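Engineer: Letter by letter, the chains look like this.
2 protein chains.
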Amino acid sequence: MTEKIAPRVPRGMRDILPEKNILRQYVIGQIRQVFEAFGFEPLETPAVELWETLMGKYGPEAEKLIYEVQHRGGKERLALRYDLSVPLARVVAQYPHLPKPFRRYQIAPVWRAERPQKGRYREFYQCDADIVGSASMLADAEVIHLIYEVLQRLGFRAFTIHINHRKLITGLGQFAGVPQDLLGGLYRAVDKWERIGPEGVRDELLKARVPQEAAERLLGLLQGTQGPSRAVLQALRAQMASYQVALEGIAQLEELIGYLEALEVPEAAYRVDVSMVRGLEYYTGPVYETTVEEPRIGSITGGGRYDGLVGLFSEQSLPATGTTLGIERIIDVMEELQMYPPNLGGTVVQVLVAHFGAGTLPAALRLARDLRRAGWPTELYYEEARVGDQIRYALRKGIPFVAILGPDEVASGAASLRNLGTQEQVTVPLEDVVPRLEAWQAARTTAT
Amino acid sequence: MTEKIAPRVPRGMRDILPEKNILRQYVIGQIRQVFEAFGFEPLETPAVELWETLMGKYGPEAEKLIYEVQHRGGKERLALRYDLSVPLARVVAQYPHLPKPFRRYQIAPVWRAERPQKGRYREFYQCDADIVGSASMLADAEVIHLIYEVLQRLGFRAFTIHINHRKLITGLGQFAGVPQDLLGGLYRAVDKWERIGPEGVRDELLKARVPQEAAERLLGLLQGTQGPSRAVLQALRAQMASYQVALEGIAQLEELIGYLEALEVPEAAYRVDVSMVRGLEYYTGPVYETTVEEPRIGSITGGGRYDGLVGLFSEQSLPATGTTLGIERIIDVMEELQMYPPNLGGTVVQVLVAHFGAGTLPAALRLARDLRRAGWPTELYYEEARVGDQIRYALRKGIPFVAILGPDEVASGAASLRNLGTQEQVTVPLEDVVPRLEAWQAARTTAT
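From first to last, the protein sequence lines are chains A and B. So in our numbering the end of the first sequence lands on 698, straight run, no missing numbers. So in our numbering the end of the second sequence lands on 698, straight run, no missing numbers.
Note that these hints are calculated values from the structure, not bench results. Quantities reported herein were computed from a predicted structural model and do not represent experimental measurements. Careful: at least some of the hints might be erroneous.
No copy is singled out in the list; a pair is fine if it fits within one copy or between any two copies.
[As the list claims (entries may be wrong)] Cut-off 27 Å, straight-line C-alpha distance, at most; resulting in silico cross-link-like pairs (BS3-like, lysine-lysine):
| id | residue 1 | residue 2 |
| --- | --- | --- |
| 1 | K325 | K314 |
| 2 | K647 | K270 |
| 3 | K270 | K368 |
| 4 | K254 | K314 |
| 5 | K325 | K254 |
| 6 | K254 | K442 |
| 7 | K647 | K314 |
| 8 | K457 | K350 |
| 9 | K270 | K350 |
| 10 | K270 | K325 |
| 11 | K254 | K350 |
| 12 | K647 | K325 |
| 13 | K442 | K457 |
| 14 | K647 | K350 |
| 15 | K442 | K368 |
| 16 | K325 | K442 |
| 17 | K325 | K368 |
| 18 | K442 | K314 |
| 19 | K368 | K314 |
| 20 | K368 | K457 |
Please take these sequences and the hints and turn them into a complete structure.
Structural biologist: Put into structure tokens, the structure is as follows:
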């Protein structure tokens, strides 16, 4: 026990110190509130799953990134969860009594041994809301509405929810008329439309050995389906009229958009985007993804309908739809754009109780207790120190208010309050401490 | 992907389904509020630590229970955290700039491959609040006060915080006058005083090969130190007068009790208890542990001062004190004694919006939206069904209120509201929906 161990975390892992974590907790708290307002119930699943539960769901490349887990004498093959969707599918199959539709949210870490880089960690939070057991487009509309409300609540203004449909994507392949083995490259090229534009996509398609004529047909379709969602759906109906699977997708999207209109989600917030292709094999219906314009960091939500996943664990399959909020990116963006409420400081503490040592300490302890019971996060200064030093400590820590108990205050049943933002200082009877702090806090919130 | 996988979790792990998780979240939310009121800041550390960080801190028996973690091509030796204290000590050493005293809380899972049994899982939450960087007994008093306030807030009434001091425990060994190698057995025997009484402890001591005379001396001391804390400390002062180390412990406990008196923590809530021995090697000062009388489930909190732990990671050691709340046991007890607020149901949903299908759906979508924006957790019924079936669904799920939108309501800009608890049903204009629900909710809360 005497040799010093260098204090460090594993490669790709991190500590979240309070100053940053207070901001994270704020974001997570806001999201939880919206999730619950939409009637999603909290579920927790273990971090450690059976190896066999995870394998065969994500594709071989992803599965290389899964962490194995074992303990002395353990006979099971174990792994850290890679996402929250496969555990959800397992849960729904395992507990058939869960009332349907089952709407659950889960905000929890997952583990992937990816190459660490800026903003990408091997342990990171996922934030999922899913509805299992309804095939209705109402469920998809509510998930999209949820995304809209979460981003509104967090203060995002310029974002677009791109909506496509798995059957429309299949139709796109048929429309191009290329052999099966070229489809992967075709979809990857099309998906870059937003970022690299028509010329870029043409290059990519040709590089992927898509014949020139097919590439031009596709570019024509993509260029003819820009604009408001209703117009895009109409154009798609005309152009894809001979592809039955595409028409099925278009009909579902028309129903979906109708619900978004009824919900008065502004047209600018979403867009039917036939070029948006989501990679996961298991999607079967509408898919959705959100991009923000500023800063350009790619998508901050992703999801869609996956009617087959539960069937991997159960004789009875169940339709399902849902979304993942890219909470780590959302937090990064909010920090970059300073989107947090101005009063969210580097500390939870709102009041420091300063005192003059032994004689004033009992009164200081009681004042701290009363402030805490009134819901005011309060710190008591522990050491004997001059009041000036105690105030400097509060300033350094970012605590906005100081309550000072000197012998005079104790003798007269009062406290001196200092507002470190305005430098105002007043001496008030103890029963007026909370009302005065509330008034200062209210002024502080509206001033900034 | 076609072979069905039996849906199950690893041995000793569990899913926490929403119905139970809503209760857990309530407990954790209450505890977080109290922690933050006391000025503790939220810290998060990764689930995966370096193997070397954990080894040599818990003793060889405990270390057998640690889970190893690895990924393909990974070169580091990794492990799942075993508790939250060692990660805290690592953090404090790793980030010397953290302002001191550093008060942090962390509520997070830890992993131990113990033999699973009723109520004991291999993944479980710990809930810690610690103060690093102050040697003052004020810090210990605040931690004990925190325990008191948390248990009060959760509705615990009959509990006792047992307080002892590591130096008093050392003094106890000197007082008994037995050789070093008998001390472990002696302490284990003494620690059972509460459960098995004087006769039981005598048997245990003799079984542990403590000489008869030493055993009688100890029993005399223990019997002479029952009662109110001040009297116990006085008796200890007299009996332990020739053991310097014990006197140091007694002086610190006197200071500590003085602060608890200033805080007006009722005398019945705590007790200086020289028979309470906490096992962990790293304690150096006051130690504390809480028992509840009903049901008898052992201790629900444990903690104390550990001034040496940070020094294992850093040239500069730092004094520290804190507590773990046994949140899993607390939750079990609260369930057993039905200590939850009566309105905390099996669902987060407070309102079901029922409707008459297509014609009424747009209005139903907008009502659900407005209820959600007003903070009411709301579910919209997705399928076409008779209103009676929709109400039965709400009853089955435990949703207390239903808002019904039929063609008449839509035509007149109204909604029918049904209170499933009282069977009351009223039709009100849309703008009165929220006030009426609030009135019903308030009546519901006070009625129970």
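Engineer: Can you list which hints this structure breaks, lowest number first?
Structural biologist: 6, 7, 8, 10, 12, 16 and 20
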